[in-house]
Amino acid sequence: MTNSVQDNSEDRRDVSQEAFACFLECLSPDSEEAGRRYMRLHKKLVGFFNLKGVSDPVSAADETIDRATLKIAAGTPVPDVDKYCMGIARNIARERWRRAQREHSTFLDFTANLANNSDEGVERIYRILKPCFDALAVEEQKLIVAYCQVFQGRARADYRRQLAESMNTTVLALRMRVTRIRSLLSDCVTKSSNEGLSQL
Amino acid sequence: MTDERIIAYLLKELPEEELERFEDECFARESWPGDIDPVEEDLIDDYLRDELPPERRRRFELNYLTSPARRERVRMAAGLLRHVDERAPRLAPTPFAPADGETWFDRLRAYWGGLNWARQATAALALVFVVSGLWWLSRPAGTDPSHSVAKTFDPLVLTISYGNRATGVRAGKAKLPRDGGGLKLLLTLPQTSSPPAAYYRVQLETIDGEIKLSEKVVRENQSIPVDIPAKTLARGQYVVQLFAVGDDGSEQRVGGAGNYYFDIE
Numbered sequence: 568m569t570n571s572v573q574d575n576s577e578d579r580r581d582v583s584q585e586a587f588a589c590f591l592e593c594l595s596p597d598s599e600e601a602g603r604r605y606m607r608l609h610k611k612l613v614g615f616f617n618l619k620g621v622s623d624p625v626s627a628a629d630e631t632i633d634r635a636t637l638k639i640a641a642g643t644p645v646p647d648v649d650k651y652c653m654g655i656a657r658n659i660a661r662e663r664w665r666r667a668q669r670e671h672s673t674f675l676d677f678t679a680n681l682a683n684n685s686d687e688g689v690e691r692i693y694r695i696l697k698p699c700f701d702a703l704a705v706e707e708q709k710l711i712v713a714y715c716q717v718f719q720g721r722a723r724a725d726y727r728r729q730l731a732e733s734m735n736t737t738v739l740a741l742r743m744r745v746t747r748i749r750s751l752l753s754d755c756v757t758k759s760s761n762e763g764l765s766q767l
Numbered sequence: 222m223t224d225e226r227i228i229a230y231l232l233k234e235l236p237e238e239e240l241e242r243f244e245d246e247c248f249a250r251e252s253w254p255g256d257i258d259p260v261e262e263d264l265i266d267d268y269l270r271d272e273l274p275p276e277r278r279r280r281f282e283l284n285y286l287t288s289p290a291r292r293e294r295v296r297m298a299a300g301l302l303r304h305v306d307e308r309a310p311r312l313a314p315t316p317f318a319p320a321d322g323e324t325w326f327d328r329l330r331a332y333w334g335g336l337n338w339a340r341q342a343t344a345a346l347a348l349v350f351v352v353s354g355l356w357w358l359s360r361p362a363g364t365d366p367s368h369s370v371a372k373t374f375d376p377l378v379l380t381i382s383y384g385n386r387a388t389g390v391r392a393g394k395a396k397l398p399r400d401g402g403g404l405k406l407l408l409t410l411p412q413t414s415s416p417p418a419a420y421y422r423v424q425l426e427t428i429d430g431e432i433k434l435s436e437k438v439v440r441e442n443q444s445i446p447v448d449i450p451a452k453t454l455a456r457g458q459y460v461v462q463l464f465a466v467g468d469d470g471s472e473q474r475v476g477g478a479g480n481y482y483f484d485i486e
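Those sequence lines, one after another, are chains W and L.
Here our numbering is used: the first residue of the first sequence is 568, the next is one more, and so on.
Here our numbering is used: the first residue of the second sequence is 222, the next is one more, and so on.
Read the hints as simulated data drawn from the structure, not as lab findings.
None of these values were measured; they are calculated from a predicted model.
Careful, some of the hints might be misleading.
Within a straight-line C-alpha distance of at most 25 Å, the following computed SDA-like cross-link-like pairs (lysine to any residue) qualify [stated by the list, open to error]:
no.	chain 1	residue 1	chain 2	residue 2
1	W	638	W	668
2	L	433	L	483
3	L	394	L	457
4	W	697	L	271
5	W	650	L	248
6	W	709	L	392
7	L	233	W	697
8	W	709	L	391
9	W	610	L	223
Given these sequences and hints, build the entire structure.
Now the structure itself:
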């Protein structure tokens, strides 16, 4: 599940090469292993910020590691880097949530517009989505349509099981595949939106 | 990590310490759990399709829709569901490649055999619907004395929708009938089994919930014809609900939470 990209570069802090090397050293004395752990940590932070509904989770993950790096370079003892980063990530999620509340006081408008089918954002995405959807492989289009058809509760579970069986796969694998396709569509919409903005 | 626990986390139905424990468990894994996103997508879809129980719906609005990024996800899902609803009839059949020399019957049989039961049922009902629709359209005007309103108008064929207008359900469109005329609706019964009925009751409401019409109707094949006098209608958006009425007078909503939508322009 992806989010729209925002420029949060003002949140990045100046991290020197030496400080970053110190951070990697904390992850593992072996540089290759440190690199692998860094990638894994970054991915998990992105997942965390995604879960918290933070806009631009990648930049939030970068900021988390920057802050941890500066602390470690300043001599703060950090026995467990992952846990330490998790604490920082929680703080950043709170800060960004508070900032978002200040900047977006349109929540009531959103639900009202959604209920009246007059939300401009939905209209915008609907328009942009069409070429993105058409660009999917036909089988992927069919899968999304079949998977998202309305079936409630137990009937939906049964339907998805049958769908998975008909495709010789498991429900779990089917779910992941649908999520991947939806993520592709979301990325495509974000990309098209950004291109549209840059042409203005 | 169950679906229910993920939903409880997203809707903040867990105590604060449980919420943190959930996050810690996710973070403690080798990689971020991939089963959260599909559950979140289903939750958003359920919200947009009006399939969340009222209390969960309230918590979704109060506790989930708290950030611009999440609202953008909901918009994205709403846009996608609109496309899905529009494409469902077009993309539903599974393609097949007929071999050279096959007759159309061979192809039909091969096609039919390749469908699962749900697709077979859909195809059968679609056939019934098309045949009954053709029969309806080809009937000479005035053959049914109970339909005295809209003989000169083509019926507006509506199918049941389980979303709301936010998800871009397909609303039928019609022009405002002139005085003396009326609007004929043809409500297609849902493909799932309908509750047993001695007859049906149709209820027409405006978008504001004002009931404009409530009357007994009868089934004809897979559809319910409804005549709406012109004086009942003004320009605007309408919702139709259908109820199956049993022999004992008890009513059951047809299609669960589904509605029929149309706009008068």
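We went through each hint and held it up to the structure:
no.	hint	verdict
1	W:638 to W:668	violated (28 Å)
2	L:433 to L:483	holds (14 Å)
3	L:394 to L:457	holds (10 Å)
4	W:697 to L:271	holds (24 Å)
5	W:650 to L:248	holds (8 Å)
6	W:709 to L:392	holds (23 Å)
7	L:233 to W:697	violated (34 Å)
8	W:709 to L:391	holds (19 Å)
9	W:610 to L:223	holds (22 Å)
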